[in-house]
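Those protein sequences? They're chains A and B, same order as listed. Just so it is clear: in the first sequence, position 184 is 184 by my numbering, and no numbers are missing. Just so it is clear: in the second sequence, position 124 is 124 by my numbering, and no numbers are missing.
Honestly, the hints are just simulated from the structure, not real lab data. Don't take each hint at face value.
No distinction is drawn between identical chains; accordingly, a pair holds when it is met within one copy or between any pair of copies.
Below, computed lysine-lysine pairings styled on DSBU-like, alpha-carbon distance capped at 35 angstroms [to be verified]:
1) 109 - 49
2) 187 - 109
3) 109 - 154
4) 96 - 187
5) 96 - 49
6) 11 - 96
7) 109 - 96
8) 187 - 154
9) 49 - 187
10) 187 - 11
There are 2 protein chains.
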Amino acid sequence: MSTRLPVDLAKSYRLLNHGPTVLVSSQHEGRRNVMAAAWSMPLDYAPPKVAVVIDRNTLTRELVEGSGEFVLNVPSRELAGITLAVGSVSGREADKFDARGIAAFAGDKVNAPLLEGCLGWLECRVIPEPHIQQTYDLFLAEVVAAWADARAFKDGHWIFEEGSPRSIHYVAGGNFFETGESFVAEK
Amino acid sequence: MSTRLPVDLAKSYRLLNHGPTVLVSSQHEGRRNVMAAAWSMPLDYAPPKVAVVIDRNTLTRELVEGSGEFVLNVPSRELAGITLAVGSVSGREADKFDARGIAAFAGDKVNAPLLEGCLGWLECRVIPEPHIQQTYDLFLAEVVAAWADARAFKDGHWIFEEGSPRSIHYVAGGNFFETGESFVAEK
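Only chain A is shown next, with the shape it has when bound in the complex (with noise of 0.2 angstroms):
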């Protein structure tokens, strides 16, 4: 059984920082959905910001825009097989949910519910600016709540022992990297 703790908000961009590949996951009006993003960064310390990637064609662009919240959910290795098929069909076709049994549970401060499974979890309220959404399908966000399971990430620090759940890193066509070996540089 994992334990969920808060993350700090002023660690919050650690969740990220090293460029896990996460799901977004949005609700409104009663429609959900999840969609897979290699694409998004830490934008900001404090408040924390990030940035992500939504394409114009997707219902998650739709569930976004209309309700202006979203998840970041870092997904763990055990989860490469529903971050790549939930990367590869619509929301409209089916509940992704219901579909690959992806539990969930909610979140703090957004409707948008959070992945049972992943490793730490944004909460996320979109910063509107609609030129950047619209030329570039690039939405910004202020992160208002974070989580982590506690046994990756702990007191600001990822722990990915030898075992232990590790994020992961897509390149294309399938093909991932797991988060590897961890390692103190010096000047």
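Using the hints provided, position chain B relative to the given structure of chain A.
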């Protein structure tokens, strides 16, 4: 001796897709600089675009705004110390290339220097978006040429075999992760 090969622009996003930390190099009116950036990502496939955060207080910002160009260099673990160092001091104090003995070579389309010892290089031209540059320190750019070390990236694919050079992912406080084990997910 490494061999640099051109990367097909349509596949150049793969140099960044897994979220490595990059070095941003720039040059303007006889001055050059390099800084580290964990906050970069692909923004589009065709033409390929990228997004990167460049703090308003950096010399890099001045050179990028002056020239309208920069290079995203993907460093290997061997360059982690330099990545940490160039992210910690300002180019206004000293030429970081001279100070750290960083060798560079010329690109094809932009004047910013490409750093020796990196695994991939994206030559970029800024897409002027003054509002988001000023408000969020966020720069969008088109990738106009791309290169890779053939030992690490070939025919559009990363090759991270045992003992071969790997890209790196910064977290905080000098802590990095190496790009880890490759795997293929099934939907």
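Any of the earlier hints contradicted here, and which numbers?
Hints that this structure does not satisfy do not exist here, as all of them hold.
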